[in-house]
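With the hints as extra help, turn the sequences into a complete structure.
Residue-level listing of the chains:
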Amino acid sequence: MRNFKNTAALAALFVAGATAVSAQDDGLLYGAILKTPANPHWNAMTQGIEDAAASADGVEVVVSTVANEGAAEQQLNNCETMLLREPDALIVGAINSNILLPCLQRASEQGIDIVDLDYNLDREIAEGAGVDVTFTAGNDGHDTGAVGAEFVAEQLGENPSGPVLVIEGLPGNPVGASRGEGFRQRLAEIAPDLEVTTLNGDWDRGKSANIANDILQRNPNLQAVFAANDTMALGATEALLAAGRDDIVVVGVDGSSDAIESIRSGRMTATVAQFPYLVGHRAVELLNQINMEGAELDSYQSTGQSVITQEALEEGTDEMIQYLR
Amino acid sequence: MTTANSASAGASTKKTVVIRNKGALRIESLIVLALLVVVMSFASPFFFTLPNIFNVILATSTIGILALGATFVIGSAGIDLSVGSLLAFAGVVGAFSVAALGLPWWVAIFAALAAGTFAGWINGLVITYGHVPAFVVTLGMMGVARGVALLITDGQAIYGLPEPLIWLGQGRPFGIPVPAIVFLVMAVVLHLLLSYTRFGRHTLIIGDNERGARAMGVPVRSLRIKIYMLSGLMAGLAGLLTTARVNAGDPTAGMTFELSAITAAIIGGTNLFGGRATILGTVIGALIMGVLQNGLNLLAIPSFWQEISIGVVLVAAVWLDQFAKRQKE
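Chains as they are written, first to last, in our numbering: chain W, 1 to 325; chain G, 1001 to 1329.
By construction, these hints were calculated from the structure, which means they are not laboratory data.
Among these hints, one or two may not hold up.
[What the hints assert, rightly or not] Using C-beta positions, here's what the derived DEER-type ranges look like:
1. W:P102 - G:L1193: 49 to 55 Å
2. G:P1302 - W:D246: 25 to 31 Å
3. G:I1027 - W:P220: 33 to 39 Å
4. G:K1328 - W:P220: 46 to 52 Å
5. W:A54 - G:L1193: 55 to 61 Å
6. G:P1302 - W:N221: 44 to 50 Å
[Unchecked claim] Pulled from the structure, derived: some chain W residues nowhere near chain G, Cβ distances all over 10 Å:
7. N98
8. I112
9. G130
10. E158
11. S178
12. N291
13. Y300
14. G304
15. Q310
16. G316
17. T317
Every residue, glycine too, gets a C-beta built ideally from N, C-alpha and C.
Following this line, the structure appears as structure tokens:
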């Protein structure tokens, strides 16, 4: 009986806490459901979201993150908890296309705007589950892959031939897969004589180093490596350098600070920078336009990307460079 | 399941504690490795070449070094779930000491090894003097060490090490990668330690029958603490080498490596409940996993299959062992 009393008291406290939070809400409240801050990409995105919220009047952002890239269930819990705050919008960097759907569906029912960051939600699946995505901010992985392919083809000169390695992320992750697919499709169009091998580096530095080593055994005349993120590209870079091969073009995606440092010192060749800071910033700005000015927006909002090379860093003329984090 | 096993082990082995380990190298695992090598050689012309063999050993070295430590821990009927996190922790401490604190490069070596050993010492202390099960203590350490690694680095990899350190991971004297050399040398050293010293014998004795060992006058507590320190030291070494290899102290490195290390030791014939272990078996177990990964990469087979095949080999190896045992009885 005593126990029951305690539980009831606790529950009452909870309810009181929840209403207190929503009661103070006369401005706009955005809930950000993000991945792990241990990933520099998401760290920069979080900064962009927070900076944009801080520079707008009457906008408050509550950020929730998870412990690691695989903590899908924890993210669902975060989302459910966030709904208790009755936010005006959810800004979502989903760990996979499915896990958040039950929570997002309830959010849609309550008329809460849903912003998808970086194409982590599959629109078809989401709509099938009754989730209404307001807009997606970020770059389509297919475009990113195509930009990478164009850069690689340009680096390899006229009519390039020989083997090329593509390292995708975790098996089944749509971001890594779409970047790889976009790369292969564009490369087949502009440099059909290059033979592409694709493997999964699981977003992991060490694993990608192993893959690069193994493929070098199979294809000593390896021409280029395209990895779906910088961490994997850096792993491949170091493995290739260790094997004495500084002639191979290695391109990553993201524009993380360690990749930029590696490119500056002439180790890695280039990265297709995604400017996650801008993605987060734009997401909040656009939400403000919708909520404050009643703007009607396209449901895909590209935030721009740019190939960063050693040359570009030295010249510093690309104005996007200031958004590198 | 622990009770059943230790009861039967206790009944059958009290008299032959030491002799029992002699036949422990499972011929089955050697056959599996040989078969794999033959199959891969036929499947890919690039497999059975000297550079690729070094390459396999290089790729195996991280898990292999962790598995060497795990052999002692599991052989003593313990378990260490923290080594994957300790690898990241030690690597980050090493990278931090040179990249952020600006200390000379050789300090990183000591810092990384000391970080791993220190965490292992804590593990050992809490297990022996705190009477907390090893599973729980090292599970806790797994979280603590990972968290501290993330805290030190603010979640970002520390990129860019001095040349001599990079050489530890990337150097190739006589064409042999340094981590591969370190792995093989450590395997020989720990083989000698396990098979020819009192420390090694006592490790297996307390794994077989702790009470009996205590009655024989084996200093169980200090021995256990040393075993966890050894496991931590190996994690520190593995962390140092991977950090050097990828030129970055990565706080997210080594996720689930503790399970791979345990898998390697078990495939190699280490008894999960202690009392039986060989270093040679563990090296073979780790190589089986390395060869599978390398071969499937050479054939460009998706990584789903790597996980499936390693899972199948693990269960098959232990099943073969049980099967052979039943035949004998």
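Do the hints match the structure? See the list:
1. W:P102 - G:L1193: 49 to 55 Å: Taking Cβ atoms as reference, P102 (chain W) and L1193 (chain G) lie about 54 Å apart, which means the hint holds.
2. G:P1302 - W:D246: 25 to 31 Å: Holds, at about 29 Å.
3. G:I1027 - W:P220: 33 to 39 Å: With Cβ atoms ~36 Å apart, the hint holds.
4. G:K1328 - W:P220: 46 to 52 Å: At roughly 49 Å between Cβ atoms, P220 (chain W) and K1328 (chain G) fall inside 46 to 52 Å, so the hint holds.
5. W:A54 - G:L1193: 55 to 61 Å: Once the Cβ atoms are compared, 58 Å apart, the range 55 to 61 Å for L1193 (chain G) and A54 (chain W) holds.
6. G:P1302 - W:N221: 44 to 50 Å: violated, 24 Å
7. N98: holds, 18 Å
8. I112: Holds, because the least Cβ-Cβ distance between I112 (chain W) and chain G comes to about 29 Å, which exceeds 10 Å.
9. G130: holds, 31 Å
10. E158: holds, 27 Å
11. S178: holds, 17 Å
12. N291: holds, 31 Å
13. Y300: holds, 30 Å
14. G304: holds, 23 Å
15. Q310: holds, 15 Å
16. G316: holds, 21 Å
17. T317: holds, 25 Å
The structure does not agree with numbered hint 6 stated previously, though it agrees with all others.
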